[in-house]
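Number of protein chains: 2
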Amino acid sequence: MKRIINFSAGPATLPLTVLQQVQEELLDWRGSGMSVMEMSHRDKEFMSIAAEAEKDLREVAGIPANYKVLFMQGGATAQFSLIPLNLLRGKAGADYVLTGDWGKKAAKECGKYGKANVAASSESEKFTKVPDRASWKLDPDAAYVHITTNETIHGVQFQDTPDTGGVPLVADMSSDILSRPIDISKFGLIYGGAQKNIGPAGVTIVIVRDDLIGQAAAMTPGVFDYKAVADNESMLNTPACFSWYVSGLVFKWIKNEGGLAAIGARNQRKSSLLYDYIDAQDFYKNPVAKKDRSWMNVPFTLPNPELDAEFLKGAKAASLSGLKGHRAVGGMRASLYNAMTEAGVATLVDYMKEFVRTRG
Amino acid sequence: MKRIINFSAGPATLPLTVLQQVQEELLDWRGSGMSVMEMSHRDKEFMSIAAEAEKDLREVAGIPANYKVLFMQGGATAQFSLIPLNLLRGKAGADYVLTGDWGKKAAKECGKYGKANVAASSESEKFTKVPDRASWKLDPDAAYVHITTNETIHGVQFQDTPDTGGVPLVADMSSDILSRPIDISKFGLIYGGAQKNIGPAGVTIVIVRDDLIGQAAAMTPGVFDYKAVADNESMLNTPACFSWYVSGLVFKWIKNEGGLAAIGARNQRKSSLLYDYIDAQDFYKNPVAKKDRSWMNVPFTLPNPELDAEFLKGAKAASLSGLKGHRAVGGMRASLYNAMTEAGVATLVDYMKEFVRTRG
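Quick note, the sequences are listed as chains A and B, same order. Residue 1 is where the first sequence starts when you use full-length UniProt numbering, and the numbers rise one by one after that. Residue 1 is where the second sequence starts when you use full-length UniProt numbering, and the numbers rise one by one after that.
Hint data in this document are derived by calculation from the structure and do not stem from the laboratory. Any given hint could be a false lead.
Which copy is meant is left open, so a pair is good if it fits within one copy or across any two.
In silico DSS-like links for lysine-lysine, alpha-carbon gap of 25 Å or less [unchecked claim]: (1) Lys290 - Lys313; (2) Lys285 - Lys91; (3) Lys44 - Lys2; (4) Lys112 - Lys227; (5) Lys285 - Lys186; (6) Lys44 - Lys316; (7) Lys112 - Lys91; (8) Lys44 - Lys313; (9) Lys44 - Lys126; (10) Lys104 - Lys316; (11) Lys129 - Lys313; (12) Lys255 - Lys115; (13) Lys316 - Lys255; (14) Lys290 - Lys44; (15) Lys285 - Lys316; (16) Lys44 - Lys353; (17) Lys104 - Lys55; (18) Lys313 - Lys108.
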């Protein structure tokens, strides 16, 4: 069996022990005589898998009792629409703070259902920072304030949770959910696709304070009404069962690794290893303001784009994969999600050094 | 390894050879050094998996070139909303022919976006038949006519494709898609969740004639606009990659089994074995009009509901699973999807006979 070191921005590397367990029980889940893929979502076997996953997620993330946890479909991009449909609650619009392309897309989608007020944006600075909190033009009547805690393409991350007063804070955490401890109670709603820190694409996690749901717009597709989803424990219709199951194994893996405190500390070490090297030399550059640099996605450029292909070719030969940067930014990007090991990052840094030595 | 005989209505049994292949390549897909779950959907590896799945599906189902194939998320229930949002095209409403609970739900959801005209219904006969075509009150100005080709709960199936003249025919085929050959060109749109005849829940297949798309209502969530999905080859956002991959293996399995002609003949034999036995005795009953009986889902009752628990207990002891009927109908239900073997159905009939002998 061959295993590469996978820096893909998502879908992304998963813990090997989780994959091994999936493989082990693929044809016969714990004596049930079925694959998880073959289980009715109404069977007691799958109901137990689903309930245990939610319980472990609540424990790992410290989710208060007055928050619902939904296992939905459609990815974070579907949520760009479903959030205004569910949370505008008759209000004229919502505030969006833009720190990258994903936040822009979210705001655009909100515009179909209400006013998307851009309260702050770092677009004029090519999304290389989080706008200072003091510059945000928040509307006290906004239905919510939307942020993207980590912009996967630009490598910009909120290092603190902003205070938005009485207006609920809504956060797309697709690429940093469960990457370190956060205080859920500061948020009205948190959402994220599974395919970076959680499990296979197909499941979208929504964590929502229960007083915010139950007022969906009349045009909301019934299957995407948060209240109905919550009341039916995310089984209004058949969920993405297998992705839910693998996500549950990852929640257990996080517990076994020492929880989010240990995971967060490791993620900080991993990103520091790479940023410290980048900052200590002149060949590679990262353009993001130091205080806003992402622990999850590290974009970096070489002195000229003609070197990119050679860098990637050598990386591949060294079993380092998924490093090509997003076309919007260019260069390289190393994604360092939970399942990326410290040894993997060290191997990358060694390769980067060697590339400079031979080609720099 | 233990394997039961799984009559679940969905998610449902999958071909063992497919599951074995998934297991075999779970940690390292064909030398890529990654699980399919870990592949970026933009990587050439996953792009090849996705393209090959669509190619095989087109070949197996005989999909004409002027039809788009979409691999979406959200299940058929999400499509209940997305179809009117995409296909009303400024028209006042659509016609719905109701042969069971799923069609009713689809019509109800359409009502949020336009008028859902019930053109025919067998609800007064407890959904035990398809209303005669002559009785349908179709509106020539309807945006489309919606049918549910197979009602999973009631075991009622269209045995022929109705002619709806110039009005596009839209069909929920969640529970009989790919179960036998059909003429796709008679339909405007066909949709179905994967979790019965295709693969793991999470993927929804939409096959749509290309002249019908591109006029979605302004309020349609961008990620669910069929035209945008088609233009982006179902990768507008991260799709349910792993479910897509397993579905592709099932399409290959169908080809290896001899295609839909062979699959359909086997499904007919399987259902005949069970219906012929039910009709030849007085203990078990199926209430559906013989001409409209489903090849996929066979509901049957025992003489009194008190026997149900004992029947199910004995079935479990004989490794026969998933037989409990839907609460809306009661009794038992045996789902005989593509991956259910003829031997499996024969074992069920033997058990039913033995139950009558000892308890009847």
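Q. Is it within, between, both, or neither for Lys290 and Lys313, if the alpha carbons may be no more than 25 Å apart?
A. neither (29 Å within a copy, 64 Å between copies)
Q: Have a look at Lys104 and Lys316 and pick one of within, between, both or neither, based on CA distance no larger than 25 Å.
A: Neither, since 33 Å and 54 Å both go past 25 Å.
**Q.** Within, between, both or neither: Lys129, Lys313 at alpha-carbon 25 Å
**A.** This pair counts as neither: shortest intra-copy Cα distance 31 Å, inter-copy 63 Å.
Q. Which holds for Lys112 with Lys227 at a C-alpha limit of 25 Å: within a copy, between copies, both or neither?
A. For Lys112 and Lys227, both the intra-copy (21 Å) and inter-copy (17 Å) Cα distances are at most 25 Å.
Q: At 25 Å max between alpha carbons, let me know whether Lys44 reaches Lys126 within a copy, between copies, both or neither.
A: So Lys44 and Lys126 fail the 25 Å test inside a copy (51 Å) and across (29 Å) alike.
Q: If the cutoff is 25 Å on CA atoms, where do Lys44 and Lys316 land: within, between, both or neither? Let me know, please.
A: Intra 45 Å, inter 14 Å, cutoff 25 Å: inter-copy only.
Q: Please work out whether the CA atoms of Lys44 and Lys313 approach to 25 Å or closer within one copy, between two copies, in both situations, or in neither?
A: between (49 Å within a copy, 15 Å between copies)
Q) When no copy is named, should Lys316 and Lys255 be tagged within, between, both, or neither for a Cα gap of at most 25 Å? A) Neither: 32 Å inside a copy, 35 Å across copies.
**Q.** Status of Lys316 relative to Lys285 across identical chains (alpha carbons, at most 25 Å)
**A.** Answer is within; shortest intra-copy Cα gap is 21 Å, inter-copy 63 Å.
Q: Pop the pair Lys44 and Lys353 into one bin, within, between, both or neither, using alpha-carbon distances up to 25 Å.
A: So Lys44 and Lys353 fail the 25 Å test inside a copy (53 Å) and across (28 Å) alike.
Q) Is it within, between, both or neither when you check Lys112 against Lys91 at 25 Å Cα-Cα? A) both (14 Å within a copy, 20 Å between copies)
Q: Go through the copies and call it for Lys313 and Lys108: within, between, both or neither, with a Cα cutoff of 25 Å.
A: neither (37 Å within a copy, 55 Å between copies)
Checked against the numbered hints listed earlier, the structure breaks hints 1, 2, 5, 9, 10, 11, 12, 13, 14, 16, 17, 18; every other hint is satisfied.
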